[in-house]
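Line by line, the protein sequences are chains D and P.
If you read the first sequence in our numbering, its first letter stands for residue 1, the second for the next number, and so on.
If you read the second sequence in our numbering, its first letter stands for residue 1, the second for the next number, and so on.
Worth flagging that the hints you see were computed from the coordinates, not collected in a lab.
Each residue gets a CB set at the ideal place from its N, CA and C atoms; glycine is no exception.
Hints are not guaranteed to be accurate.
Claimed, not checked - A short, non-exhaustive set of chain D residues, derived as facing chain P with CB atoms under 8 Å: (1) PRO110; (2) THR120; (3) ARG125; (4) THR259; (5) THR329; (6) VAL333; (7) VAL336; (8) HIS350.
Stated by the list, open to error - Restraint ranges, calculated between C-beta atoms of paired labels, are given here: (9) TRP25/D - PRO190/P: 43 to 51 Å; (10) ASP151/P - ALA471/D: 35 to 43 Å; (11) ARG161/D - ASP151/P: 55 to 63 Å; (12) GLY150/P - GLU487/D: 30 to 38 Å; (13) ALA27/P - GLN116/D: 37 to 45 Å; (14) ILE251/D - ARG77/P: 30 to 38 Å; (15) ALA505/D - ASP151/P: 36 to 44 Å; (16) MET187/P - ASP111/D: 36 to 44 Å; (17) GLN76/P - GLU487/D: 29 to 37 Å; (18) ILE152/P - GLY448/D: 45 to 53 Å; (19) LEU211/D - GLU171/P: 20 to 28 Å; (20) THR472/D - PRO157/P: 23 to 31 Å.
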Amino acid sequence: MPLTVGLLLALSFAVSLLALAGLIWAINNRQLKIEQAHAYTIFAEGEAGEPDVDTPESPLEIDRNQYDVRRAGLDVVSRAPVLLLVGSGVFWLVLGSFFGLLASLKLHLPDLLTDQAFFTFGRARTVHLNLVAYGWLSMTGIAVAMWVTPRIFHTPLRFARLPVIGAVLWNIGVASGALAIANGWTDGEEWLEIPWQIDIVLAVAGAFFVLPLLATAARREVDHIYVTGWYYLAALCWFPILFTIANIPYIHSGAQEATVNWWFAHNVLGLWLTPLGVGAAYYFIPKIIGKPIYSYSLSLLGFWGLALFYSQVGIHHLIGGPVPTWVVTLSIVHSVMMFIPVIAVAINQHVLVARNMWAVRESVPLRFVATGALMYTLASFQGSIEALRSVNSVTHFTHYTVGHAHLGAYGFVSLVMFGAIYYMLPRTTGRAWPWPRAIAWHFWLVIGGFAIYFVSLTIGGLLQGFAMLDATRPFADSVRVTIAYLEWRSIGGALMTAGHLLLGAHVVALLARGPAWTPDTGYNPEPAVSE
Amino acid sequence: MNRIVPLATLALGILAFATLLLVIAPAAQIRQLSATPGLQPYTAQEQRGRDIYVAQGCLYCHSQQPRAPEQAPDAQRGWGRAAVASDYVYDRPHQLGTMRTGPDLQNVGARLPSRDWHLTHLYQPRAIFDWSIMPAYRYLFEVKARAEPGDIVVALPNEFRPDTGVVVASEDALDLVAYLLALDRTMPAPDGAVRDHGYESREPSE
Chain D
1 MPLTVGLLLA LSFAVSLLAL AGLIWAINNR QLKIEQAHAY TIFAEGEAGE
51 PDVDTPESPL EIDRNQYDVR RAGLDVVSRA PVLLLVGSGV FWLVLGSFFG
101 LLASLKLHLP DLLTDQAFFT FGRARTVHLN LVAYGWLSMT GIAVAMWVTP
151 RIFHTPLRFA RLPVIGAVLW NIGVASGALA IANGWTDGEE WLEIPWQIDI
201 VLAVAGAFFV LPLLATAARR EVDHIYVTGW YYLAALCWFP ILFTIANIPY
251 IHSGAQEATV NWWFAHNVLG LWLTPLGVGA AYYFIPKIIG KPIYSYSLSL
301 LGFWGLALFY SQVGIHHLIG GPVPTWVVTL SIVHSVMMFI PVIAVAINQH
351 VLVARNMWAV RESVPLRFVA TGALMYTLAS FQGSIEALRS VNSVTHFTHY
401 TVGHAHLGAY GFVSLVMFGA IYYMLPRTTG RAWPWPRAIA WHFWLVIGGF
451 AIYFVSLTIG GLLQGFAMLD ATRPFADSVR VTIAYLEWRS IGGALMTAGH
501 LLLGAHVVAL LARGPAWTPD TGYNPEPAVS E
Chain P
1 MNRIVPLATL ALGILAFATL LLVIAPAAQI RQLSATPGLQ PYTAQEQRGR
51 DIYVAQGCLY CHSQQPRAPE QAPDAQRGWG RAAVASDYVY DRPHQLGTMR
101 TGPDLQNVGA RLPSRDWHLT HLYQPRAIFD WSIMPAYRYL FEVKARAEPG
151 DIVVALPNEF RPDTGVVVAS EDALDLVAYL LALDRTMPAP DGAVRDHGYE
201 SREPSE
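With the rest of the complex left out, here is chain D:
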């Protein structure tokens, strides 16, 4: 034991020294140089200051923003993968919502559909999670990255056929993973249920996404990598490694396996979905408003803080559990440290939005993205507080945690993705949304539905937690107090699902018209970067 701890300390000291040396080298070589001027990388010359809002009342026509006409050359190249990935993502969202709704209903109607194993709660709930995490959020997040990356690097997507193959493979992986779980074939750990044999398909598909994006970044036509690019590049390095290591079978067991489980599961949120969401928000908010983020150098703190702290928070899922005290404490400390990067991102994004509320009123895509960014701040603050030992004793093992998870994955990442879809698709197809009012309907359905969802699970979860901590009350009380709130959660979830159906129908209606751009519009690099 002393040897292990000593070795560990020596190793962490060596790693810190190396990191410090690397940082000094990088600063010396001006590789970490940051100027506010760099925040303008997302704009074409002369574009800054021109807002890019499109409203339900005056649907976007593609020639409204002259700069986007020039950028259209880039958008044509990435169009096939973007449309395929968005279409797939929205399909999994709709299907995943129905499984979520079914699981939610079963918690207060436990005799609903109990004759088939396929629909039992433990499977329906898990199919829901895998469809929305690996189907909806991952595919849509990658679609946005495929569309934004060429725009911040001012160069077309390289190897644009590979992500199309990747999307087909990824869909096969998600579909067979969900079918496997529904039929009882599972690896049996949260967030790692998809059998490892199917994970191989997903890993191969992932390479078809990562390579084109890295190749595009390597051949960029601007010197500076815009902040969105840091998040994307890091996430593209992190997730394939996390996913591969965590899914290697036959290595771990017992309490030790639990630490691997939560190292992975929280990093899916922290080092994959969060960078996809934050990176997208860093592009769309300033792009739509037409002004750069508040403080570009602050974004550096936000990014490296996220990398350093978020990567080590996972074991707060095992507080009070059968794992060493020091690793639990380490994760609690890092969870609290997350306040730093979150506040940095919050200042950057919310200040810009708060000073330009007119744009939020006019642009529904911005309304989605800005609300999502706000939810990131709230979800992170909540997560940091939830990791405190005293708070965790109440909230752990209750529906409160489920509410928190949805504040992050839904309130934050999904809302940002909705906004991104509404902004991207007209620009990548050259077609306006056929039913502009449906976008506002979608917004208010999911906002209203999610408010009901979150508030009811939060209150129900707290009551459940307090009942469970009170030795004078029978366990049955901790179930009884939640029922009314679980019913409300189903109502909220039904409203959210209705919003998703509206989005799905709208995407189908838009794509049915076919793109207005023809491939021979081709890419012409000159107009995209200069006046």
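We have chain D; now place chain P onto it with these hints.
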């Protein structure tokens, strides 16, 4: 930041560091533990039952990790002593769980040692607890006109019986119950056992 390679290197270095601390170091500490004295490996039937438990997703409502008395009254509820790392050496995949929509099951075999109770409860939880929101696992049972030799018939109150015939437990249901009955870590924890001792300086909860 204007270069990809340093960015990627530093990002991967940070991930490697997190992996060292959250995966490799706990593994070095936990893997050297031998099983809690008295803990038996699962029999073939119990392991089959455990696989059924995993495949139904029981994990999503039932934890298997009682907390320490300083933190929560888990022991007073009959869920057992605080779990330690060496209680899990035979568990693959681990099923520690993060939800208690239902009670902790770490010691359910010691607390509820009747096979027939579990069969009734699995077929229709509301036949035993009117407040239960656990799914009925009717698909693990068969309704037959009459029991054949060797069949295990499930005892049910009148209102939950099928109109005709009897409810018979499938092989899967019997295996699952064998696993539940094997869940018994009531033997004392070894000295210096590994677990999160972070609450121990506090007063025991009421």
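Notebook entry, point to check: Can you name, in rising order, the numbers of the hints this structure does not satisfy?
Noted result: Numbers 6, 7, 8, 12, 15 and 19 - these are the hints that the structure violates, sorted from lowest upward.
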